[in-house]
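Asks: One-letter residues, chain by chain:
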Amino acid sequence: MPPEVIVPIVIVVALIFDFTNGFHDSANAMATSVATGAFKPKVAVLLAAIMNLIGAFLSTEVAKTISSGIVNDSLVSPETVFAALVGAIIWNLLTWLFGLPSSSSHAIFGALIGAVLVQAGLSGVHFDVIISKILLPALVAPIVAGLASYLGTKIAYHGDHNAPKGAKKRYRMAQRVSSLLVALAHGTSDGQKTMGIITLVLVAATLTLDENNPGAHPFWAQAPGTAPHWWVILVAGVAIALGTYSGGWRIMRTMGKGMADIESPQGFAAETASMASILASSHLGFALSTTHVVSGAVMGTGLARTPGEVRWGTAGRMLVAWLLTLPASALVGALATWLAYHWGATGFIIDLVILVVFAIAVKIIASRNHVSSENVNESSEVKVLAKAALAHETSPIRNPFAPPLPQKLAGHPMATTPLRLTKLKKPKKKHRREPLPPAPDSASWSDGAVRQRQASKGPKHD
Amino acid sequence: MISLSVDINWWALLQVTVVTIVVSVLIAALMSLANWFFSGTGASEEPTATRKVAGYIMLGIIGLLVLFGLYLMIPYFHHG
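So the protein sequences, as listed, match chains A and B. Quick note on this note's numbering: the first sequence kicks off at 1 and runs consecutively. Quick note on this note's numbering: the second sequence kicks off at 1 and runs consecutively.
No lab work stands behind these hints, which were simulated from the structure alone. Hints may be right or wrong, so weigh each one.
Unchecked claim - Straight line, CA to CA, 30 Å or less: simulated DSSO-like cross-link-like pairs of lysine-lysine:
#: 1; chain 1: A; residue 1: K363; chain 2: A; residue 2: K40
#: 2; chain 1: A; residue 1: K154; chain 2: A; residue 2: K165
#: 3; chain 1: A; residue 1: K154; chain 2: B; residue 2: K52
#: 4; chain 1: A; residue 1: K193; chain 2: A; residue 2: K40
#: 5; chain 1: A; residue 1: K165; chain 2: B; residue 2: K52
#: 6; chain 1: A; residue 1: K42; chain 2: A; residue 2: K383
#: 7; chain 1: A; residue 1: K40; chain 2: A; residue 2: K133
#: 8; chain 1: A; residue 1: K42; chain 2: A; residue 2: K165
#: 9; chain 1: A; residue 1: K193; chain 2: A; residue 2: K42
#: 10; chain 1: A; residue 1: K133; chain 2: A; residue 2: K165
#: 11; chain 1: B; residue 1: K52; chain 2: A; residue 2: K133
#: 12; chain 1: B; residue 1: K52; chain 2: A; residue 2: K169
What the hints assert, rightly or not - Chain A is faced by these chain B residues, among others (derived, beta-carbon under 8 Å):
#: 13; residue: T20
#: 14; residue: S24
#: 15; residue: Y71
Each residue gets a CB set at the ideal place from its N, CA and C atoms; glycine is no exception.
Take the sequences, apply the hints, and build the full model.
Replies: This is how it looks when you write it as structure tokens:
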């Protein structure tokens with residue numbers, strides 16, 4: 001496929017991935033703040049989006065390669081990147097549907113591995129790097145952050161001086177600051193990721209263009225080793241910010257309410273531990289996934305205060321998602337590559353159609369049990385296929401015309417149930433039968449009334 | 001043929017673990033101390049002026065740590 005065609009397609013798909021990355025990871029920074037009420041949900045995602053956008057502009061140290069040595073870099077072509085992006089987006093959407101926080105970086109690495117495996121076989125993949133840069137950090141991140149968060153929470157709940165209203169107010173303020181820092185750190189790392197992907201594609205396409213048509217230099221042409229174009233930084237930053245602003249409420253519910261019920265001091269301890277581990281890992285050369293770090297920190301803080309109330313079922317489902325991220329996205333990436341390589345342009349179109357159909361299907365299924373900024377804190381579960389039996393937990397429907405309830409009934413489940421709608425509706429008119437004529441005596445019944453009834457039924461047809 | 005010679009930077013891993021735990025515990029302890037200073041003693045619910053100043057110092061140290069975090073996060077500050 002000519003570069004003029006493939007480059008715009010890959011850029012658009014990369015920006016879609018960036019968007020999914022944003023809404024998938026907005027919970028990392030804001031879930032605990034939303035759960036404890038430190039920020040109102042919409043304010044939280046707005047601030048997280050702004051911090052992500054700022055973060056995307058803070059650094060120009062874009063990774064020269066998106067693969068980080070996991071695969072043979074010389075094998076990475078625009079087609080490979082496209083297939084990897086398709087695989088990563090599909091996995092991100094699927095885990096979002098189930099409200100499972102999983103690493104977007106692992107998703108794209110997995111899909112890239114699958115794509116290279118189809119292209120070059122086992123020799124194209126560096127399995128030793130996968131162990132040291134993906135599997136081990138995935139194991140270490142939740143443990144380190146969880147331990148730090150556990151100790152921080154124990155200290156925060158030690159003594160009576162942390163209980164008064166003033167103390168809680170300070171914890172809430174500190175939690176806001178730490179959440180914003182996590183959002184900023186996320187913007188600097190994940191915003192850069194998409195810029196790196198687009199830059200890599202532009203460099204690869206420019207090299208191909210130079211071979212076929214020397215001297216042609218479209219505006220997107222880029223030499224190897226150069227910084228990304230300003231418009232790449234801009235669109236990548238905006239895409240991740242928009243994704244973050246769209247919320248990712250399903251994952252936010254799991255992180256904020258699904259694993260443990262948390263209070264402001266716990267949120268502060270969890271966010272501080274996350275921030276410390278993200279900064280330490282990025283500066284000491286042992287990169288940890290933000291998603292794994294925050295998930296571990298929330299578990300740690302839950303264990304420190306109310307160990308009996310940690311929801312291990314949710315934690316188990318999350319662990320399964322982490323384990324499946326690499327192989328599942330690799331499988332989708334491999335399939336997408338196979339289609340793109342063996343079927344050419346048709347395979348590309350099939351890949352795109354699969355992506356669009358999958359996204360629409362996920363959206364439709366998700367709308368059955370809608371989670372939004374209005375009901376994110378109303379339940380700890382993210383339902384997928386089950387019908388919203390407890391409608392007050394998941395339905396965003398509110399009757400705007402319902403009269404206010406008495407204060408003592410405000411917390412009652414029926415107060416928010418869509419069933420209240422029916423109370424305002426006018427009762428349907430029942431079909432009223434014409435009353436039979438009175439039958440005061442047997443004669444009138446036998447003669448007049450019967451004749452009248454027969455006449456009303458219409459003529460008899462013998 | 002797959003060759004597996006895994007090179008894990010255990011020293012970096014140890015450093016990350018220690019730094020994360022120490023910083024988290026330090027900030028939580030400073031916050032807890034600040035709250036202790038801001039809380040009243042004995043019968044009085046209002047803290048004395050000295051305790052208030054000490055409380056603000058603790059919050060100030062946390063603020064400095066936050067600024068250090070920002071310094072680490074923004075490459076312009078520490079990369080020539």
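Asks: Would the pair K193 of chain A and K40 of chain A pass a check requiring their Cα atoms to be no farther apart than 30 Å?
Replies: holds, 29 Å
Asks: Given a cut of 8 Å on the nearest C-beta pair, is the interface hint for Y71 of chain B held or broken against chain A?
Replies: violated, 10 Å
Asks: Checking one constraint from the list: CA of K193 of chain A to CA of K42 of chain A, max 30 Å. Satisfied?
Replies: Distance of about 26 Å is within 30 Å: holds.
Asks: Less than 8 Å between beta-carbons is the criterion; does T20 of chain B satisfy it with respect to chain A?
Replies: This hint holds: T20 of chain B lies near chain A, its Cβ roughly 4 Å from the closest one there, short of 8 Å.
Asks: For the hint on S24 of chain B, just tell me whether its beta-carbon gets within less than 8 Å of chain A.
Replies: holds, 4 Å
Asks: Would you mind confirming whether the straight-line C-alpha gap from K52 of chain B to K169 of chain A stays at or under 30 Å?
Replies: With Cα atoms ~16 Å apart, K52 of chain B and K169 of chain A stay inside 30 Å; holds.
Asks: Would you check the hint for K363 of chain A and K40 of chain A, treating anything up to 30 Å between C-alpha atoms as holding?
Replies: Cα-Cα ~25 Å, so holds.
Asks: Could you grab the alpha-carbon distance between K133 of chain A and K165 of chain A and see if it respects the 30 Å cut-off?
Replies: violated, 44 Å
Asks: Need the status of pair K154 of chain A, K52 of chain B: alpha-carbon distance at most 30 Å?
Replies: holds, 24 Å
Asks: Can the restraint linking K40 of chain A and K133 of chain A be considered satisfied, given a maximum Cα separation of 30 Å?
Replies: violated, 36 Å
Asks: What's the verdict on K154 of chain A and K165 of chain A, does the C-alpha distance respect the 30 Å limit or exceed it?
Replies: holds, 19 Å
Asks: Would the pair K165 of chain A and K52 of chain B pass a check requiring their Cα atoms to be no farther apart than 30 Å?
Replies: holds, 16 Å
Violated hints, in rising order: 7, 10, 11 and 15; the structure is consistent with all others.
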